[in-house]
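Now for the letters of each chain:
There are 2 protein chains.
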Amino acid sequence: MDTMETRRAVRLLIASWLPLAALYAQAPPPLISPEVHPDGKVTFRFNAPNAQKVELRREGAAPVAMEKDERGIWTVTVGPLEPDLYGYTFVADGAAYLDPANWLMKPNLLNPQSMVHVPGPKTLPWEVNHVPHGVIHRHFYHSDVVGDDRDFYVYTPPGYDARASRRYPVLYLLHGYSDDASAWTAVGRAHVILDNLIAQGKAKPMLVVMPLGYGAPEIARRGGPGLRDPQAWRRNIERFRDALLKEVIPLVEKNYRVAANRTQRAIAGLSMGGTQSLYTGLNALETFAYVGAFSSGGLLPDFDKVFPTLDEKANQKLRLLWIACGTEDRLIEGNRKLLEWLKSKGVKYTWVETPGAHTWLVWRRYLAQFAPLLF
Amino acid sequence: MDTMETRRAVRLLIASWLPLAALYAQAPPPLISPEVHPDGKVTFRFNAPNAQKVELRREGAAPVAMEKDERGIWTVTVGPLEPDLYGYTFVADGAAYLDPANWLMKPNLLNPQSMVHVPGPKTLPWEVNHVPHGVIHRHFYHSDVVGDDRDFYVYTPPGYDARASRRYPVLYLLHGYSDDASAWTAVGRAHVILDNLIAQGKAKPMLVVMPLGYGAPEIARRGGPGLRDPQAWRRNIERFRDALLKEVIPLVEKNYRVAANRTQRAIAGLSMGGTQSLYTGLNALETFAYVGAFSSGGLLPDFDKVFPTLDEKANQKLRLLWIACGTEDRLIEGNRKLLEWLKSKGVKYTWVETPGAHTWLVWRRYLAQFAPLLF
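Protein chains in written order, with our numbering: chain B, 1 to 375; chain U, 1 to 375.
Chain B on its own, in the form it takes in the complex (with noise of 0.2 Å):
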């Protein structure tokens, strides 16, 4: 064909697509939202015209008045704002509603919300570089010690070759209560992170793998059991430890071609996830060498029966034991605890501290931060 032919050709596919283009019209004109505008303020809209009060909950943020136009569109301008991700919901006459003009949405359980990106200088970690790329893989399996089908996700780095012989270390990163298995992939952009890092020769290149984290999957459904019912809990513990050392730790031995030795696993989550990890890490540390907690919840004063074996020990072993958190998280004293008993027991840990609260802004942060210790 050529280029005249072609150019007729697309005039009349065009010409022809008006019926198709009928099919998706509407009336009245779609709202945007939000609007991200170069100054880093952003515009959100929102259609409520019967609403009595609606607010943008903002994560990170306390919540913001919004003015109804005649129309009936409720629209705010708020920032400018510090370049990230923020998820965020409306909430009028009480209720939550996600922005129905908006396609980025934040996977979750309990709490789905939409997600605006205020985009920034190319350095911050979460910016998608010109740099090579990695790859997301999804797998499906069926769990026995859970007894349902579940999937999980491995981030491969780039110039990863199944077929090459060289063995990678990994990284197992759990999500925290009420998220999916998706979660560091997207909201995290934990491929996105590792991306960067691993082109500026910040981080080792690494397998990362981001399992479902429920042992008891009935605690994040509504209307289930939640976090109120102990037994649940404990199930939801103890399962997803098993799960993952008898079942996903394997399938990915299996599947990709990974370092099989302590010194080159880590575990690492945030939330609920920090608590697994040093659950599940620090009682096993013939399987991981490396453990990182983010604003961890679900830490005890009584960590003599938590961490029975634990002991100065275990340094011998432990190439790090990282463990930060917010200092606007109502989850720090815990993390303090932990921090006195650990120093009581000799067992050596890094702690940072850093501005924040129990938000995927400061978790984004605390991968870009832990990574480059790894290995």
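None of these hints come from the bench; they were simulated from the model. Please note that a few of the clues may not be correct.
[What the hints assert, rightly or not] In silico lysine-lysine, DSS-like type, Cα no more than 27 Å apart, as pairs:
| no. | chain 1 | residue 1 | chain 2 | residue 2 |
| --- | --- | --- | --- | --- |
| 1 | U | Lys53 | B | Lys53 |
| 2 | B | Lys68 | U | Lys53 |
| 3 | U | Lys337 | U | Lys313 |
| 4 | U | Lys254 | B | Lys254 |
| 5 | U | Lys68 | U | Lys41 |
[Claimed, not checked] One-sided and incomplete, this derived list gives chain B residues near chain U with beta-carbon spacing under 10 Å:
| no. | residue |
| --- | --- |
| 6 | Ala48 |
| 7 | Gly72 |
| 8 | Pro100 |
| 9 | Leu110 |
| 10 | Pro112 |
| 11 | Ser114 |
| 12 | His139 |
| 13 | Tyr141 |
| 14 | Arg222 |
[Said to hold, decoys possible] Sample of chain U residues with no beta-carbon within 10 Å of chain B, all distances over it, derived:
| no. | residue |
| --- | --- |
| 15 | Glu55 |
| 16 | Gly79 |
| 17 | Leu245 |
| 18 | Ala314 |
| 19 | Thr350 |
Even for Gly, the Cβ is constructed at its ideal location relative to N, Cα and C.
For chain B, the structure is supplied; the task is to place chain U on it using the hints.
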């Protein structure tokens, strides 16, 4: 740690979890929506205390009025519904909302929705079975053709091994207008359908590559030219073809063990993707021997110009030209005109006319019918 120690440890861990539980505590108690009953009826609930009128708008069905209770919760029970996956939104006073209580979301660049799964017999192609599962791989790359950073998904069948010598055929599977590259897996369950067909011996093990279908991404951006700008539409068609042929296919053939010849390549898609499959595929029979168009839009009467070299000689190269449309789809007329023209040119095709409209209910079934005919 012996069993008793473990029990004590976890009991204590539970007690200490309370601060995190408090962090997630919500009042009032969360809604349950959708609630799928054992008989296939589904109850939808939506909190919109000041709305005057709320409807459930469900994929493939007429809107249904919801009723408000004394707490301001709108409810409707529908069905029993045929087992399937249905996209839906709540339309309150004319504006569409996702279901804030439902974690299962239907990604879409213009009209994200919620989704409900009404489970059915395991013989349905999209139901997860205890069969070997393939893997979904998400790749990221910079497209020089389009000028953006984008992704594509690759399904590898169960047993695929990059280290083995076996080479697999590839189906390039294209989404519709306003979808993103995740649509065929997140909504279409292509990976589940292929897992099942392969396990039953009905489809050959194959890779399925699902690229982002926009040569001109601005046409699917809210507030962008949409479908109404012919120049943008032309760029969309041509640049998509170029990105597929010059970027995606070479990347796939470099990174996977696939058979790089026309008899082992198929191209198919839905709606816009059907048109792209016809336009790209039928003008590149040196690259594709199988072409499928599901409910395609953008067909026109002057096919001589769109397919200037297509005539009965194509029958020697085309192993399958499979065209399907639902009888309730307003795009069916354009499809019928294409059939007439193909007949007049002596080009062989398979025409499949089914019940159904322009919905994913139809497209999942088409994939389940089409894949067994390949390779």
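These are the hints, each one checked on the structure:
1. U/Lys53 / B/Lys53: Satisfied, since the Cα-Cα distance of roughly 18 Å is no more than 27 Å.
2. B/Lys68 / U/Lys53: holds (19 Å)
3. U/Lys337 / U/Lys313: holds (21 Å)
4. U/Lys254 / B/Lys254: holds (23 Å)
5. U/Lys68 / U/Lys41: holds (19 Å)
6. Ala48: Given a least distance of 7 Å, the restraint on alanine 48 of chain B holds.
7. Gly72: Holds: closest Cβ of chain U sits about 8 Å from glycine 72 of chain B, inside 10 Å.
8. Pro100: holds (5 Å)
9. Leu110: holds (7 Å)
10. Pro112: Holds. Min distance 5 Å.
11. Ser114: Holds - the Cβ of serine 114 of chain B comes within 10 Å of chain U, reaching about 9 Å at its closest.
12. His139: holds (5 Å)
13. Tyr141: This hint holds: tyrosine 141 of chain B lies near chain U, its Cβ roughly 7 Å from the closest one there, short of 10 Å.
14. Arg222: holds (5 Å)
15. Glu55: Holds: least Cβ distance 14 Å, greater than 10 Å.
16. Gly79: Given a closest Cβ separation of 20 Å, the condition holds.
17. Leu245: The claim holds: leucine 245 of chain U sits with its nearest Cβ about 13 Å from chain B, beyond 10 Å.
18. Ala314: Nearest chain B Cβ is 14 Å from alanine 314 of chain U, so the label holds.
19. Thr350: holds (22 Å)
The structure agrees with every numbered hint stated previously.
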